[in-house]
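Protein chains: 2
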Amino acid sequence: MSLQAPATVGMRLEEVDTPALVLELDAFESNIRRLGEAVAGQARVRAHAKTHKCPEIARRQIAAGAVGVCCQKVSEAEALVEGGVADVLVSNEVVGARKLERLAALARRARIGVCVDDAGNVRDLQAAAARAGATIDTYIELEVGMGRCGIAPGEPALGLARAILGSPGLRFAGLQAYHGRAQHFRSMQERREAVAGSAAVVRETKALLERHHIPCPCVTGAGSGTFMLEIESGAWDEIQPGSYVFMDRDYAKNEWAPPLPRFEHSLFVLATVMSRPRPEVAIVDAGLKASSVDSGMPAVWERPGLAYASASDEHGWVEIARGAAAPALGDKLLLVPGHCDPTVNLYDWYVCVRGGAVEALWPIAARGALF
Amino acid sequence: MSLQAPATVGMRLEEVDTPALVLELDAFESNIRRLGEAVAGQARVRAHAKTHKCPEIARRQIAAGAVGVCCQKVSEAEALVEGGVADVLVSNEVVGARKLERLAALARRARIGVCVDDAGNVRDLQAAAARAGATIDTYIELEVGMGRCGIAPGEPALGLARAILGSPGLRFAGLQAYHGRAQHFRSMQERREAVAGSAAVVRETKALLERHHIPCPCVTGAGSGTFMLEIESGAWDEIQPGSYVFMDRDYAKNEWAPPLPRFEHSLFVLATVMSRPRPEVAIVDAGLKASSVDSGMPAVWERPGLAYASASDEHGWVEIARGAAAPALGDKLLLVPGHCDPTVNLYDWYVCVRGGAVEALWPIAARGALF
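Chains as they are written, first to last, in this note's numbering: chain A, 1 to 371; chain B, 1 to 371.
If you're looking for bench data, these hints aren't it; they were derived computationally from the structure.
These numbers were taken from a predicted model, which means no experiment stands behind them.
Do not take every clue at face value.
Label pairs and their in silico Cβ distance ranges [as the list claims (entries may be wrong)]:
(1) A:V9 x B:G41: 47 to 57 Å
(2) B:A252 x A:R33: 44 to 54 Å
(3) B:A252 x A:L3: 30 to 40 Å
(4) B:R98 x A:A64: 31 to 41 Å
(5) A:A64 x B:L3: 22 to 32 Å
(6) B:A119 x A:S310: 23 to 33 Å
(7) A:A309 x B:W256: 27 to 37 Å
(8) B:K253 x A:R131: 45 to 55 Å
(9) A:A257 x B:D26: 53 to 63 Å
(10) B:R59 x A:S310: 33 to 43 Å
(11) A:A127 x B:L3: 21 to 31 Å
(12) B:L165 x A:S310: 27 to 37 Å
Non-contacting residues of chain B with respect to chain A, defined by C-beta distances greater than 10 Å in every case (computed) [unchecked claim]:
(13) A43
(14) V81
(15) S233
(16) R354
Note that the Cβ used here is the ideal one computed from N, Cα and C, for glycine as well.
Please model the complete structure; the sequences and the hints are all you need to start from.
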């Protein structure tokens, strides 16, 4: 409910109040461009909006060639459609009468897809679509190695396809095949092996469907850490990268090599040094309510010898190596978040910066869109 | 900006959309009562609103005897004053011209306190108070063992007191003495030792100030894990417990013994089982954007044999022990967050429940109040 922005357009970066979520537009635009150049039309791009939660960004991804976006929650889809996005896949199961009712209502305003891994859920989804008079693109989520949601390949997947095909109001749209953990396997080799395993499951399922004369319109999945590997495998029609627009410290720990392009850090938390209690420590005003620590601490950007060592709710401990240029009280530091998605979810605004000045403020319309 | 609530008043708990932040009012009210009974007028209570970020809760704490609240950020103080709280201590340093200007403006509307640990910051604070024509209660934050902000005892603290006393518009209000890490030391003995160490620093500093004829109006500090120990030491006038209203899984791991009262879990994340991919696993719709994992995973409430094992952004893996009653697709589970403060910061509403029905919806007015 704190919708006050920490900056105004035209302000210099150093004047922005802190903590603030800063988006460096040059790097952000370069990331969008690099994705397009790497994919080069070999697959459709459906950018993942769970990362950014922002229609302004979704519109830029679509202008750069994405067919639409995906997200994880009905309330995210609502915010995106409200923000002008016409094609949204909820790349997740939606369970519960109220949620399904909202999803079906949304499918009257935009092209909406959703994933299923359970026949009872298909019945509930069909009933909601029928009540709304809506058509919903329905994807079978396959378990392809992540061990999260998803139905087993083979007969279970075939049975679910038949259930969808027998449900008026549901259009069988294909397979959701996403191996989330593989995105963060550090070596290219580990990621290649994981994607090869997922691709085998996808191919087996498509072949089974074909033997039963069920066309599979689309296989969708893949993330920022692997998408070129899915494309090279030939088993995917559509990719769902999200983090590539921002990068984060965790993704930066991956080995990056062709065919994957390198992306730049474009997302930062701007913090202020609020205490200098000892020569070797600076305390900053950005703690774990300002930069999610689930995947590790943020990194201090372009300040050699400074390391963000630990966080409490509203404070961060920045250690100053011997001989490093020490920040003074009031100095501002840019932090690279450990994990971009949950960090974005802590803010209401992107403070968009180019050449050291605030160029725009973009609302994070789906911030807190949990249900 | 998703301010939609997941429930309406009168709804049954099982109808509430998920994930939702549920406050069990009987337990919450009991926690407020138990604190009052334990303190029994031996110290003033200034409840910490960084935990709950909610004027509705602050007002109930004040009605139960608290002199006011504290918080960590100017924007939190703004939301609390806006919500009708007349006495707010920002128990933290405030650095930067824009923040100080806002703090001083607020001090014309309510009694406002703030902490300092730097003479330059005292000058900036004084200048802001002068420009606003405001008076600000100014506390010296002492380093008492936490190794975060705070000035060293002895001459540095004395010098800072003199700087405050020489600053028109600043009222020297006393000492902030808080050992945050001590709250989570597991054994009573470890916490006793930490508080004894902090108390020695406080006494030494008060004695030094007295020798220089500087009265110390108030020593404030202490949290939910130790407050009775600070009271017993006799060195504190005011305590700042926050988490006691909710409790969380991390606090529940502490040893609790007299003189500390036991508090109950009153805060929960309501989650839905959204996939049952394997007999031994249920996937719920509450991941690390729904329950902060910085202090560990949430616990599943009153469902023996179910354990929340890991989280991704929007999903949680609940492991089902052999022989345990397995939840069905669509079943709802209550989770006890690992850490209440950053979990609350993910939500816009408390869904307040009594006897299984929604009694009220309280806005989390300072959610996302970072700067």
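Verification of the hints:
1. Distance hint check for A:V9 and B:G41: the Cβ-Cβ separation is about 53 Å, which falls inside the suggested range of 47 to 57 Å.
2. The hint said 44 to 54 Å for the Cβ distance between B:A252 and A:R33, and at roughly 50 Å that hint holds.
3. About 34 Å separates the C-beta atoms of B:A252 and A:L3, a value consistent with the hinted range of 30 to 40 Å.
4. Taking the beta carbon of each, B:R98 and A:A64 are about 35 Å apart, inside 31 to 41 Å as hinted.
5. The beta-carbon spacing between A:A64 and B:L3, approximately 31 Å, falls within the hinted interval of 22 to 32 Å.
6. Hint check: B:A119 to A:S310, Cβ distance near 27 Å, so the stated range 23 to 33 Å holds.
7. Checked against the hint of 27 to 37 Å, the pair A:A309 and B:W256 passes, with Cβ atoms roughly 30 Å apart.
8. The hinted range of 45 to 55 Å is satisfied by B:K253 and A:R131, whose Cβ atoms lie roughly 47 Å apart.
9. Distance hint check: the CB atoms of A:A257 and B:D26 are about 58 Å apart, consistent with the given range 53 to 63 Å.
10. For B:R59 paired with A:S310, a C-beta distance near 34 Å keeps the hint of 33 to 43 Å intact.
11. Between A:A127 and B:L3, the C-beta spacing of about 29 Å keeps the proposed range 21 to 31 Å intact.
12. About 35 Å separates the C-beta atoms of B:L165 and A:S310, a value consistent with the hinted range of 27 to 37 Å.
13. Distance to chain A confirms B:A43 as a non-interface residue, since its nearest Cβ pair spans about 23 Å, more than 10 Å.
14. Distance check on B:V81: its Cβ is at least 13 Å (rounded) from any Cβ of chain A, clearing the 10 Å threshold; non-interface status holds.
15. Chain A leaves B:S233 outside its interface by the beta-carbon criterion, the shortest separation being 23 Å against a cut-off of 10 Å.
16. Every beta carbon of chain A lies more than 10 Å from that of B:R354, the smallest distance being close to 22 Å; the non-interface claim holds.
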